[in-house]
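Here is how the chains run, residue by residue.
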Amino acid sequence: MATRTRPDGGSGGLKDSPPVDFTQAVGRRQPRPTVAWLAQVVSGVLLLVLMTVHMVAQHFVVEGGLRTYQDVVAWIRNPVVFAIEALLLLTVTWHGLAGVHAVLLDLGLRGRAERVVARVMRGLAVVTVVYGLWLLATIASRG
Amino acid sequence: MTGKGLRAAGGRHPSRWLDPRGRHLGTWAFVLNRLTGLGLVAYLYLHLIVLSTLLRGPDAWDGLVAVFRRPVFLALDVLLVLGLAVHGLNGLRVALVGSGLLVDRHKALLVAAGILVGLVGLVAAVRTFV
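Residue numbers (this note's numbering), protein chains in the order written: chain A, 1 to 143; chain B, 1001 to 1130.
Simulated from the structure, these hints should not be mistaken for laboratory data. Keep in mind that this is a model prediction, so the values were computed, not measured. Just so you know, not all the hints are guaranteed correct.
[As the list claims (entries may be wrong)] Looking from chain B toward chain A, a few residues come up when the C-beta cut is under 10 Å (computed):
(1) Asn1033
(2) Leu1040
(3) Val1041
(4) Leu1048
(5) Leu1064
(6) Leu1074
(7) Gly1098
(8) Arg1127
(9) Thr1128
[Unchecked claim] If you want the footprint, here are the derived chain A segments under chain B, 3+ residues with CB under 8 Å:
(10) 62-72
(11) 129-140
Beta carbons: idealized from backbone N, C-alpha and C, even for Gly.
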């Protein structure tokens, strides 16, 4: 997880990120985006697609809004569904924890505390993705 | 880091996020994006905990599904969809404007995002309750 970034556009004292209030950007030269800003934008756009697919396929088209145990297992066993859910997990974890990290930076987190938080965020991201993938694989193996 | 520590570090305390003084519409949209984002991260972990019930077998999961089909939980589902729509569509606006695209149309984008959020919420409510 990148540090010293403002993926969702806050200032937080970082010189090369877009401003907090985008109305301030009108008529001004745009700041140069950071790699993490672009990563947050790309993951956000990807999430718009993946989350729409997830909500429609998992809830909106299902009778009663939730699948029964057998239906969940059969659904996850589909390789395409498994791949989409795994990609969703990876993307949402990245986007979410990078966002939390950005909020903490915006609140003034600096120096050693920032490095510790960045490490904690990276660790949490790894644990979340590993656990989520294990959960998906375990459910899929029960069919 | 504590709120005191954050203030000492020169940051803005979360209690000031909702301070209306001297705020522009874009700032409110930004604060809303932050709050919905933090809420959605919390929901992500709640969702993983709930999904872990699948490990306990059909009886545990199907019992939980029966609970989640109660009106209060269905209303929370609609709230979740609204939160996703607010964060996603306003986030798309932030991404466009922050990338230098449609900067002079940022207010129109905000209105469009608001209308779309309303429509998504309406569809979700109708689909859930009707």
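Results for each hint:
no.	hint	result
1	Asn1033	6 Å, holds
2	Leu1040	7 Å, holds
3	Val1041	4 Å, holds
4	Leu1048	6 Å, holds
5	Leu1064	9 Å, holds
6	Leu1074	7 Å, holds
7	Gly1098	4 Å, holds
8	Arg1127	6 Å, holds
9	Thr1128	6 Å, holds
10	62-72	holds (count 8)
11	129-140	holds (count 5)
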